[in-house]
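Asks: Take a look at the letters that make up each chain.
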Amino acid sequence: MDGSETAINIMVGTIRAGTPLVFAGLGELIAEKAGVLNLGVEGMMLVGAVTGFAVTVLTGNPYLGAVAAIGAGMLMSLIFGGLTQFLLTNQVATGLALTIFGVGLSAFVGLSYIGTPIQGLQPVAIPLLSQIPIVGPLLFNHDLLIYVSFALFAVVSWFMFKTRAGLILRAVGESHDAAHAIGYSVVKIRLLAIVFGGGMAGLAGGYLSLVYTPQWAENMTAGRGWIALALVVFATWRPARVLIGAYLFGGITILSLHVQAAGDAVTNAMSVFPEPIGRWLLVIINSSHLLATLPYLATVVVLALISRDATKIRLNAPASLGRPFHPGA
Amino acid sequence: MTAAQLELTGITKQYPGVLANDHIDLAIASGEVHALLGENGAGKSTLVKIIYGVVRADEGEILWNGEPVRITSPSQARSLGIGMVFQHFNLFETLTVAENISLGIDEDHDLKQLTSEIEEISTKYGLPINPHQHVHALSVGERQRVEIIRCLVQDPKVLIMDEPTSVLTPQEVEKLFETLRRLSSEGCSILYISHKLDEIQALCDRATVLRHGKVTATCSPKQETPKSLAEMMIGSELPVCKRIAQKRDSEVRLVVRDLSIPSPDPHGTDLRNINVTVHRGEVLGIAGVAGNGQKEFMAALNGELMDSVTGRIELNGAELSKVGPAERRTKGLAFVPEERLGRGAVPDMSLANNALLTGYLNGMLNNGFIDFDRVRAYATEIRERFDVRSAGIDAEARSLSGGNLQKFIMGREIMMDPQLLVLGHPTWGVDVGAATTIHQEIVDLAAKGTSVVVASEDLDELFEICDSIVVIAEGRLSPVKRTSETNVEEVGLWMSGQFEADEGEVGHAA
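Chains as they are written, first to last, in our numbering: chain A, 1 to 329; chain B, 330 to 839.
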């Protein structure tokens, strides 16, 4: 295995590891831009993952599984939407409850699927384009869902900043009272945004159980739903930064796997650092648990550092985020 | 006269416990500027909300060009040709001017084309605005322009303006009137809601007066006097503020000496070398155009602004300039800021709890625990004594009209029996009846020995209630004059900054 092949492998792995966060993050971004804080992402991902997996086992078709994962996420988000938009429950508490519910429900449903093997989604090489050296394997030799995630990023960016519907969405998230007074249906717009966010969270979960590790394991999202939520905030609600954050997370996940696999070579490499830094790094590398925290830690730190401009934050943060809307008040 | 552009007959709206509109008839001719006049709570807002489709009437008919119409939503009102500028702006701060205007248009349109349309309207009607600017960077006057342009791009036949001048400086008001006159000359009718009588006389062709949900008069305001208009509005003779001629009290209460403060706000005004003395029972008015340092001076007196203060502030001989607001209160200073919601009162808290905020010094604490019976009794007393109309003392502060909330906040401070009461624009956005009550309270309080410092842009108000007047311009203070020894012209001239500085003490010591 030569060096350039390793590098390409790492980059492809990065994209694969980051894709669930792209889905979940962009979905939550739309919901939050409409002023809704849905902390149920982790729960919706898990239910999407188990539903997608079960449908794939039952039908043998992973594409049907992916669609089912979206549907399951949407249904979960509808529970959240109905409670928060019509019964005006607190968004934070409802979202937390949704996650706890999703964890339990997915574990229950998935009980009989533990250890069941499936044929996950296979890469679809795009003719000609995939033959281009480096760029080909990097961008044009993936499973279908990765292409979907690229398209999703483009569509979400275009929708938010170039379309009237996107303008209305941002307006509702900024001031629901003003939007209502002008004559927009705040509840309807928020419900649509919530359902979109749910569908994308479901798909993110489906990607994990159908592509990333084609199997079902309890709690297999391992906190990625929470990282997606953090991504949106630290990315100051900008799609491009969500994408950067997602791949950063993916990249460090993959790198830490490679570091673990490399063993002695890494131990020797650490000796170039002066004491005690080299020793500390070794402690981290030799502990798989500490190493597993790195993607989470690094993503948050990097995004926090690049998004410190207070004016930009104020301009992009949806001012009505998490606030309940009482029409006619 | 041809058929009215908009005609309402028998409009009735019942809210639980209140008959907000009781068989209201109103006709607006094409190109007419029609005033809708009434005190807070007279039913003006409900009526215009019915016209704009926000609220549905229980009874009655709306005729548009003589044809009966049912207006069920704001977008339907807009498509008929009714535009409305709300008192509280419906703007999105993080969006640009053009995007904000775009959101108010229902039909499909191109943002670039809209931008050039905005620029066109902006020049034509004298409403300068940059379509690409974000709204959060705009002044209040500019924001209002955005709201007006938002209506004008839809080419309205009737424009409703809900208390448009309550947030504007006098110069901005004059510019707004030019725009409105130009619109009406082009055939657009304007329904102008206000309780400011001078404005209505200056601008409006006809007026419909509402009281307790009923039309009590229709008149031609230019042929009325402010007094007769006010009486139609409040339904009885206008109470006049009675001032007992005071003897000068020689006991010095407040001394400000060589006070200089660089403003913490980059757009604020630095205070430069302020010297002033206020005696026991004296009402000192601070005149001046907003933004000349009133805000900073009030904050310095109250103790909100303490950093980099040089000079002295003495109350009854005690040096206060290095002491925080809470301790100044214990020394007998009370403060009513110009912003009622958010600074004078907490919007989401009940009146009772708002009373506790500063009233706790009046024995509401028992070893650190709150005596809620005492708090409620105190709030009830304020409400009764100062005629605060609200749904009880548990009503949220934000639910009160400006005048009633101001009476409550004033009452809360007056009940503290302060040595010195500092007031910022006490009747800003308050209707005539409540304003008179507030003026009377100030005068009565001074008669009992409290010193009052009141900043206001309304010279008539200052001449009515003050013993002496000083002008603030560009952060400097003019000489202090007895109200009886000066006049509106001189003070007006001083407001432009033309006075000899630093003879204040000399002029006052006489």
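Because the hints were derived from the structure by calculation, they are not lab data. There may be inaccurate statements among the hints.
With a Cα cut of at most 30 Å, we get these calculated DSBU-like pairs of lysine-lysine [said to hold, decoys possible]:
| # | chain 1 | residue 1 | chain 2 | residue 2 |
| --- | --- | --- | --- | --- |
| 1 | B | Lys777 | B | Lys810 |
| 2 | B | Lys651 | A | Lys162 |
| 3 | B | Lys525 | B | Lys486 |
| 4 | B | Lys441 | B | Lys504 |
| 5 | B | Lys551 | B | Lys486 |
| 6 | A | Lys312 | B | Lys441 |
| 7 | B | Lys556 | B | Lys810 |
| 8 | B | Lys551 | B | Lys453 |
| 9 | A | Lys188 | B | Lys651 |
On the chain B side, residues computed to face chain A include the following (Cβ under 8 Å) [said to hold, decoys possible]:
| # | residue |
| --- | --- |
| 10 | Pro397 |
| 11 | Thr401 |
| 12 | Gln416 |
| 13 | Asn419 |
| 14 | Phe421 |
| 15 | Leu424 |
| 16 | Ser431 |
| 17 | Leu432 |
| 18 | Glu436 |
| 19 | Gln462 |
| 20 | Met561 |
| 21 | Ser565 |
| 22 | Glu656 |
| 23 | Trp757 |
The structure presented is a predicted model; accordingly, all values stated were derived computationally and were not measured. C-beta atoms are modelled at their ideal positions from N, C-alpha and C, and glycine is treated no differently.
Asks: Take the shortest C-beta to C-beta distance between B:Ser431 and chain A; is it under 8 Å?
Replies: 7 Å, holds
Asks: Given the hinted pair B:Lys777 and B:Lys810, is their Cα-Cα distance within 30 Å?
Replies: 22 Å, holds
Asks: Close enough to count: is the Cβ of B:Glu656 nearer than 8 Å to one in chain A?
Replies: 32 Å, violated
Asks: For the hint on B:Pro397, just tell me whether its beta-carbon gets within less than 8 Å of chain A.
Replies: Cβ of B:Pro397 sits 22 Å from chain A, so the hint is violated.
Asks: Taken at face value, is the distance from the CA of B:Lys486 to the CA of B:Lys525 at most 30 Å?
Replies: 24 Å, holds
Asks: Less than 8 Å between beta-carbons is the criterion; does B:Gln462 satisfy it with respect to chain A?
Replies: 12 Å, violated
Asks: Let's test the interface hint: is any C-beta of chain A closer than 8 Å to that of B:Phe421?
Replies: At about 4 Å, which falls below the 8 Å cut-off, the nearest Cβ of chain A leaves the hint on B:Phe421 intact, so it holds.
Asks: Can you verify the interface hint for B:Thr401: is its Cβ closer than 8 Å to any Cβ in chain A?
Replies: 11 Å, violated
Asks: For the pair we were handed, B:Lys441 and B:Lys504, check the Cα-Cα distance against 30 Å.
Replies: Answer holds: B:Lys441 to B:Lys504 is near 27 Å, not above 30 Å.
Asks: For a C-alpha distance cap of 30 Å, please report whether B:Lys556 and B:Lys810 respect it.
Replies: Given pair B:Lys556, B:Lys810 holds - Cα atoms ~29 Å apart, limit 30 Å.
Asks: Sort out whether A:Lys162 lies within 30 Å of B:Lys651, counting only the CA atoms.
Replies: Measuring from Cα to Cα gives roughly 54 Å; hence the hint is violated.
Asks: If you take the shortest Cβ to Cβ gap from B:Asn419 to chain A, is it below 8 Å?
Replies: Cβ of B:Asn419 sits 4 Å from chain A, so the hint holds.
Of the numbered hints given earlier, the model fails hints 2, 9, 10, 11, 12, 18, 19, 20, 21, 22 and 23; all others are met.
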